[in-house]
Amino acid sequence: MEKRVVFRSSPLPYLLVLPQLAVTAVFFLWPASQALYQSLLIEDPFGLSTEFVWFENFENLFADPLYIGSFWTTAYFSAAVTALSLGLALLLAVMADRVVKGAMTYKTLLIWPYAVAPAIAGVLWLFLFNPSIGLVAYYLKIVGYNWNHVLNGGEAMLLVVIAAAWKQVSYNFLFFLAGLQAIPKSLIEAAAIDGAGPVRRFWTIVFPLLSPTTFFLLVVNLVYAFFDTFGIIHAVTKGGPGKATEILVYKVYSDGFVGLDLGGSAAQSVILMAIVVGLTVIQFRFIERRVHY
Amino acid sequence: MVENRRWLNLLSHAILLLGIGVLAFPIYVTFVASTVEMRDIIRPPLPLVPGPHFIDNYSEALTRGVAQASGSPVALMLWNSLVMALAIAIGKIVISLLSAFAIVYFRFPLRMLCFWTIFITLMLPVEVRILPTFKVVADLGMLNSHAGLAIPLIASATATFLFRQFFLTIPDELVEAARMDGAGPLRFFNDILLPLTRTNVAALFVILFIYGWNQYLWPLLITTDASMTTIVMGINRMIAPSEDQTNWPVVMATTMLAMLPPIIVVVTMQRLFVKGLVETEK
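If you're matching them up, the sequences are chains C and H in order.
In this text, residue positions in the first sequence follow the numbering used here: the first is 17, and each later residue adds one.
In this text, residue positions in the second sequence follow the numbering used here: the first is 632, and each later residue adds one.
No lab work stands behind these hints: they were computed from the structure.
Where is the CB? At the ideal position from N, CA and C, for every residue including glycine.
Among the hints, a few may not be true.
Stated by the list, open to error - Using 30 angstroms as the maximum straight-line C-alpha spacing, the simulated DSBU-like pairs for lysine-lysine come out as follows:
#: 1; chain 1: C; residue 1: Lys254; chain 2: C; residue 2: Lys157
#: 2; chain 1: C; residue 1: Lys117; chain 2: C; residue 2: Lys201
#: 3; chain 1: C; residue 1: Lys201; chain 2: H; residue 2: Lys766
#: 4; chain 1: C; residue 1: Lys157; chain 2: C; residue 2: Lys259
#: 5; chain 1: H; residue 1: Lys906; chain 2: C; residue 2: Lys117
#: 6; chain 1: C; residue 1: Lys123; chain 2: C; residue 2: Lys201
#: 7; chain 1: H; residue 1: Lys766; chain 2: C; residue 2: Lys123
#: 8; chain 1: H; residue 1: Lys906; chain 2: C; residue 2: Lys19
#: 9; chain 1: C; residue 1: Lys259; chain 2: H; residue 2: Lys766
#: 10; chain 1: C; residue 1: Lys254; chain 2: H; residue 2: Lys906
What the hints assert, rightly or not - The following label-pair restraints were derived from C-beta to C-beta distances:
#: 11; chain 1: C; residue 1: Thr220; chain 2: H; residue 2: Trp710; range: 52 to 60 angstroms
#: 12; chain 1: C; residue 1: Leu167; chain 2: H; residue 2: Phe656; range: 21 to 29 angstroms
#: 13; chain 1: H; residue 1: Asp770; chain 2: C; residue 2: Val69; range: 49 to 57 angstroms
#: 14; chain 1: C; residue 1: Leu167; chain 2: H; residue 2: His644; range: 23 to 31 angstroms
#: 15; chain 1: C; residue 1: Glu75; chain 2: H; residue 2: Ile895; range: 46 to 54 angstroms
Using the sequences and the hints, build the whole thing.
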């Protein structure tokens with residue numbers, strides 16, 4: 017889509033795009049190209065010698081069981097966060113769409129966790145589940161379950177999944193509610209006249225019509241779980257115990273900044289970029305055409 | 632509503648209340664923990680009603696902070712966070728408005744190249760280019776500065792697209808009328824385009840302010856000086872490695888203070904917030 021009427025070209029448009037392009041070039045394109053270049057080098061941690069090794073960093077990564085493990089951890093983590101937050105949000109949205117009284121109040125009370133930073137969400141849940149002082153850990157102990165996510169990898173994973181999903185429910189809720197309210201009431205009334213009960217109406221009419229929203233949220237939630245949850249991991253488990261919660265984004269950080277393996281970290285960055293590009297392409301291709309029955 | 636089923640309505644309300652309870656529970660516990668003494672916390676269970684030490688804990692946090700986090704007071708952290716969030720939000724909006732204006736209202740060589748260059752930034756979140764970006768900022772001498780906290784994050788493909796979409800819906804007749812009256816491009820931008828864009832700017836501002844306030848990884852990387860700590864990353868430094876030595880009441884007071892500004896923004900500007908959220912994702 018283009019404008020028919022435009023202003024005469026002069027140096028002005030260049031000046032107008034200059035700030036945006038300058039920031040993009042200095043802080044996005046240059047570092048990204050550096051990451052690409054670095055990923056082909058092996059450098060010792062003190063920067064004394066560098067060697068150009070083509071794809072050896074990548075070969076090393078994919079031969080490294082820790083890296084493959086981190087892939088699986090990320091897949092598991094993202095799937096769990098997405099399923100949990102989408103499921104809860106859909107349930108709440110369907111209920112909020114039903115009620116007449118207090119709908120606005122419910123909405124207000126359900127959307128605010130969006131404003132909480134992931135790292136802080138992590139701290140909140142860390143405090144609740146702290147093995148020695150946490151309230152939930154205390155009650156679990158009373159019913160006979162000894163919670164200790166500092167030692168138990170499975171519990172650590174559960175904790176970061178809960179914290180990550182908790183923060184994302186509000187966002188999904190808002191989009192599901194908007195999607196539900198856009199479904200024509202006449203369809204639902206027609207089904208009701210044909211004798212379909214609420215559950216049947218949901219599965220045969222509402223849920224299929226909601227599929228574009230669901231698909232959109234699926235992609236957004238995956239991106240969130242892949243990239244925005246660094247703060248949660250860093251605040252709650254630091255990737256531990258062992259490597260139980262070391263997702264890819266956290267591994268880039270810990271290998272690069274803590275382990276000072278520059279080439280390996282850059283190679284991981286490049287792989288992550290490829291994943292973002294893939295997800296963005298999926299998002300743009302399908303959001304325009306919309307999944308539809 | 633199609634039919635009136637009493638038990639189903641009750642169930643809906645019950646589920647919603649339960650949902651709100653689960654969402655609010657961690658915050659409530661945090662609030663309680665910020666009003667009691669260390670003694671009450673290390674001897675679980677934590678009481679479920681707020682204690683009498685609200686003022687002590689919050690004033691200690693605001694003025695002195697926690698020793699482990701090199702003792703920078705939370706008031707300073709709040710200030711740093713505010714500067715960073717405002718700089719990111721305003722910076723993104725300003726440069727995106729300008730570039731969207733240029734791309735929509737001018738035809739110039741390399742226009743599409745500019746457009747696609749901006750588009751690419753969408754695919755390069757900080758998380759995937761940590762080390763090289765850090766190096767650029769270090770070479771520019773921007774470590775431990777407000778500029779270093781904000782400027783690398785202000786390029787925005789999303790905001791540029793949003794403004795581009797909006798400008799495209801503005802009728803061409805307005806430009807024609809403005810030109811007939813002898814207005815140049817800057818005059819048109821300032822007197823016609825900006826007033827029309829006001830609601831979109833406000834909606835976007837709400838989203839971007841929260842985005843800026845909640846930044847974690849970036850400040851963690853580029854600030855080593857305690858006086859530049861932002862509050863969201865500062866909390867993490869307050870939690871001692873062996874968690875039992877952590878001064879929890881003060882840490883929890885800090886957590887409340889860190890959550891408050893963005894939550895207030897969301898709840899008081901709910902309409903703008905929802906508008907901004909829906910638009911930035913389309």
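Now for the hints, and whether the structure bears them out:
| no. | hint | verdict |
| --- | --- | --- |
| 1 | C:Lys254 / C:Lys157 | holds, 25 angstroms |
| 2 | C:Lys117 / C:Lys201 | holds, 18 angstroms |
| 3 | C:Lys201 / H:Lys766 | violated, 56 angstroms |
| 4 | C:Lys157 / C:Lys259 | holds, 26 angstroms |
| 5 | H:Lys906 / C:Lys117 | holds, 23 angstroms |
| 6 | C:Lys123 / C:Lys201 | holds, 21 angstroms |
| 7 | H:Lys766 / C:Lys123 | violated, 44 angstroms |
| 8 | H:Lys906 / C:Lys19 | holds, 25 angstroms |
| 9 | C:Lys259 / H:Lys766 | holds, 27 angstroms |
| 10 | C:Lys254 / H:Lys906 | violated, 35 angstroms |
| 11 | C:Thr220 / H:Trp710: 52 to 60 angstroms | holds, 55 angstroms |
| 12 | C:Leu167 / H:Phe656: 21 to 29 angstroms | holds, 25 angstroms |
| 13 | H:Asp770 / C:Val69: 49 to 57 angstroms | violated, 25 angstroms |
| 14 | C:Leu167 / H:His644: 23 to 31 angstroms | violated, 41 angstroms |
| 15 | C:Glu75 / H:Ile895: 46 to 54 angstroms | holds, 51 angstroms |
Taken one by one, the earlier hints fail for this structure at numbers 3, 7, 10, 13 and 14, listed in ascending order.
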